[in-house]
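*Asks:* In case you want the letters, here they are:
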Amino acid sequence: MGGLQKKKFERGSATNYITRNKARKKLSLSLPDFRRLCILKGIYPHEPKHKKKVNKGSTAARTFYLLKDIRFLLHEPIVGKFRDYKVFVRKLKRAYGKTEWSAVERLRENKPTYKLDHIIKERYPSFIDALRDIDDALCMCFLFSTFARTGKCHVQTIQLCRRLTVEWMNYVIASRSLKKVFISIKGIYYQAEVMGQLITWLVPYQFSHDHPTDVDYRVMATFTEMYTTLQGFVNFRLYHSLNLIYPPKVMFMYIIQFGGVLTLCLYAVQKLSALSSSLARVVSSAEEEEAELDQFPEDIEKMEAREKEQQQQEVQKKIFVGLKFFLNRESPRESLAFVIRCFGGEVSWDKSVCIGSTYDVKDETITHQIVDRPSIEKQYINRYYIQPQWVYDCVNAKILLPVEDYFLGVTLPPHLSPFVEEKDGDYVPPEKLKIMACSEEKNLVRKQEEEEEEEDDEDDEEEDNEDEEEEAEEKNLKRWNNKDPRERYEVKVTPGKVKVENPERLEQEEKAEEKRLAIMMMKKKEKYLYDKIMFGKKRKVREVCNKLAAKRKAHDDAEKSKKKKARK
Amino acid sequence: MFPRAVMEGSSSENTRSEKIEKMKKVQEKSAKKKRSKEEQEEEEQKDVEVFIFNNKVSEEEEEDGDLSDSEDSVFSGLEDSGSDSDEDDEEKEEDNDEGLKEEQKQAQQVDEEEEEEEEEEEGVTEEKEDEYKHDSSDEEDIRNTVGNIPMEWYKDFPHIGYDLDGKKIYKPIRNKDELDDFLDKMENPDYWRTVQDKQTGSDVVLSDEQVQLVKRLQMGQFGDVNFNEYQPQVEFFSQDVMLHPVTNRPADKRSFIPSLLEKEKVSKLVHAIKMGWIKPRRDDQDTRGRYYDLWASEDTSILAKHKMHLPAPKIRLPGHHESYNPPPEYMFTDEERALWEQQDPADRKFPFVPRSFSSLRHVPAFPRFIHERFERCLDLYLCPRQRKMRVNVNPEDLIPKLPKPKDLQPFPTTQSLVYRGHTGLVRSISVSPSGQWLASGSDDGSVRFWEVCSSRCMKTIQVGGPVKSVAWNPNPSVCLLAVALDSAVLILSPALADRQVVSSSERLLSSQQETELMEGASIVTWSDAEGEELNQGIRLKIQHPKAVQQVTWHAKGDYLASVMPDHSSHLQVLIHQVSRRRSQNPFRKNKGLVQSVSFHPVRPYFFVATQRSVRIYNLVKQEMTKKLQANSKWISSMAVHPAGDHVICGSYDCRLSWFDLDLSTKPYKMLRHHKKAVRGVAYHRLYPLFASASDDGSVIVCHGTVYNDLLQNPLIVPVKVLRGHVITHDLGVLDVTFHPTQPWVFSSGADATIRLFT
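Chains A and B are the protein sequences, given in the same order.
Per this note's numbering, the very first residue in the first sequence carries number 1; after that it's consecutive.
Per this note's numbering, the very first residue in the second sequence carries number 1001; after that it's consecutive.
Pairs of lysine-lysine, DSS-like flavour, derived with a Cα cap of 30 Å:
| # | chain 1 | residue 1 | chain 2 | residue 2 |
| --- | --- | --- | --- | --- |
| 1 | A | LYS523 | B | LYS1388 |
| 2 | B | LYS1388 | A | LYS540 |
| 3 | A | LYS324 | A | LYS378 |
Bear in mind the hints are in silico, worked out from the structure with no lab data behind them.
Looking at chain A on its own, in the form it has when it is part of the complex:
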């Protein structure tokens, strides 16, 4: 009767997942090797929907991988290399034990190595995929490039990271793709737009690291191994997209010569960027022929917005063009030089600090000198002495901000994050409002200049329309005389008051009412959702924005009272 008995956990989700240990056994790898493999191949655990079912009835905490993923790993050639390496290590140990030095040497010569090229290609089938994931690679490379030779990782890795980061920075300079910079307490964030992808990376400050003990450097090293490969291929492609030769030869030389001190690397950057534009181009490219966008008739508003943005970007790209900076020795040279060069400025520093300076302090054409100390003794008249924050703020504001707030010894205005985009109802710090107003003013000035050239006058018609509307409203406002006729024995006329009507406000009210009425017509489900969203928004406003505003006000009041006291 009734065929075979059905057994539990032999079909369904239980067969789709595999626990970590089982996967490890299936691949016959040790746990660290398994981890390495997962890192390199980008395999991550999955959380099954019904954990108990997958776990065959037990509720113990286990990590599950997709069986498909593990099968995929089975075919990986690198697994064989891992085993080879294990054998190699065993042989080497044995040779050491027997003090067979020739054997040791021979073994070392034939140390098994592997390449990650195919993995990179597999994980990032298209170049854009790779660019999308380059954030982490950059952060890691920049971190490793600041490491000293402490034995935390191979020296070659550090050097390779330095080389790759410098190459990257050089690309950013050459392509002028830097968009935003932010000095945080962690380090300096940079954001560049490369081939339509926003890429953000974090560079730590130039200090020696206090290497923590609870960090597994092997994991980091494995990641770095993968990332350096990825970064290298990305750099190659990017350089070729600019018709530059890769790898840039000059830099190599400097890295080898100086052991890759970053400050020196930066010299390489300077030198290289100078070279790259003139020498290294493979093909003499048609200079900056930007494909003009065709005008699509469908969305005029969008088009306008896009055009405006493009214009702004153009302006931003050239904000430092024509300016000549001199960096004092205490200012963060690498970062500043990178940023200034990205936006077309010229930059130099003292000869004794670092090689690569192109002009001296005494140069009369210097427009800005960046100083990070309270005062400076010898000052030249024809240049501004400013603090480094000015450069970063200008980049983020996309205009040249007034220099007065950034003079020496002046309390700096707050440095705001360019990554925050406020929506309606969010708290906007007053400094940001100020900057926005400033940039708008500049835009206006620019527009006016343009308009003067074009000379358009289509303003009058609109005003006429407005007048007509007002009259109509007045007509609507005719009122019925609602007094009872019996009471109206004494006829008297009281002077009426002219009701001042604000057309804008009326319009607003009308819109608000429209919205209210439309909300009434919502379906029950949607209404519920809508109410929930609105509640959340209101709560956010209440808890975050209002709090911040109150704090700010308290602070400002305190400042004012302090000032008053000081005056007395």
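Start from chain A and add chain B according to the hints.
*Replies:* What follows is chain B alone, placed relative to chain A:
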């Protein structure tokens, strides 16, 4: 601490070994001149060497340890056997420990021996002096014949070697204790230059010259004072090609013919290379940094495989909090900081405390930088990823796109008139078909007639009881008003029209005064009004058995329906014919508490709203045609669309349901516009408008276009919320009705007023 100690040992060892080398050089160069000194030197050297040897042993061990360590670090790229190497380390450390101990022991021994020596000091020195007198002998004076061996081999024996005759040389008797040693140290001025001779076990006091020599050697100078280090050197073998060869020897034959041995070696190697046993050395540096255009050919086959891949989410971008110089409001107050410190690291809103620095040069390194990067790494390969469909709805999109109310005009927008005069709540209002007059019935026992345009009360009729309902005869050729109060229905002739109309209405009432005995006649009594009532305008009085709640006219104006809600009886609705003074009870069964009734505007249908449903009866066929489910708890009011295909029902549970009779028996739309019970609903006769009145004091006017096309559903758009009535005793607006021709709406409220919105 231990490794450091070892390190120091090794370094000192290094210097020592250097010294020794130098010493050897000196010996070579000034061997013959300084015999006498050399002896002592050698003694010292040996002494030193013993130490060195010990040190060397330990150093070698240490080096081994180092080696293995470094090897481990080489492997550690791949191997995870960290624990093993650790154990090894420990073992080695133990070894080293033992080595140290041994050293210490030896040192102690040496000390002891020294002590012993010092006893015999005098005798020995005398002896030595004797020896040094004759300088001529080439032989070294060696009393001990054991040779250059580590003297520790003899440490367990009573003797330290053998003399020339082969007899044992016994170790000096040791009877000096520490106290003696100390005293010696304090009193003997030569103590510091006393050295023990290991080989003889005796103490030797160094002479001044010897001390000088030691000092020079320590400073790294030559032992011989007279030796000139910088004397000019004759360079025999320089890079310059000389005219004459250095030697006159002719070249060997073997330098001309190829070596067979080498040939054999080379052929072996070649064979090994051919067979693939030896692989050529690879350049490690090259393989790492070699890149090419990986994405030169993007094949779609790989792309298809990776559809399920979830790219790792990016790190959140930093906000103002993270700035090195944030605006002051983003800094923590003391409370917030305390809270931050108390919180579990997982619960914290930020993983850092916002800090502010006055200038960029003050900013320190972020202590948790590597940690954070490491955590990100862990996230990348240890965290399960899941595609979460987060509801990211723009609330604006949820709002339905309706036509703008502006485009749907006309509709009432503002309150323009208020009709005041009643003292009780106004339960019911009705507008005359001409649109000139408004009748209202109130709880104060009066019916008032108002002129619509002037809000003037034309007439007040005291009917002597709270008026439940008033209804103006829809026939424009007569001017009659039906009023329901208590258990009676009054027909009033307000005489507010042309004389002709008034007379025609009078005629209607009085023309046929036949009192046929119908079946309803027994229930209802028709009586003419007399005296005072007649003067006031009351013409007819229809006495019902129960309290009447509502009256309503047929569109023709001849029939009148009255409602007497009752749970238990089937006598709830009566239809009266005024012209013939006839009444009849259309229903034989009780189908529920009747709330409201209405005639179909054109066809012979009759709508009966009970508590939860609306039944539609065909009066000609005398059967039920449809039953509409209202989906509400308790229907309060009902209105029929002038075309007759749509019905709206207001209910006490705040809803208004719109029925499309052609569509379904379920409501086409439920409108939950009101916050409180809906008391009255009304359709406009001409405009596509309907209104609902509620206890929340508002009248909501909606646009409701009905299309002739059966496929198109009615369009319902709320266009205006009208407020004005004051809520009294939890009652707001009680009745609502439209002007028959204008887009105006009247509402009566519990605040004893009637309002007109235009």
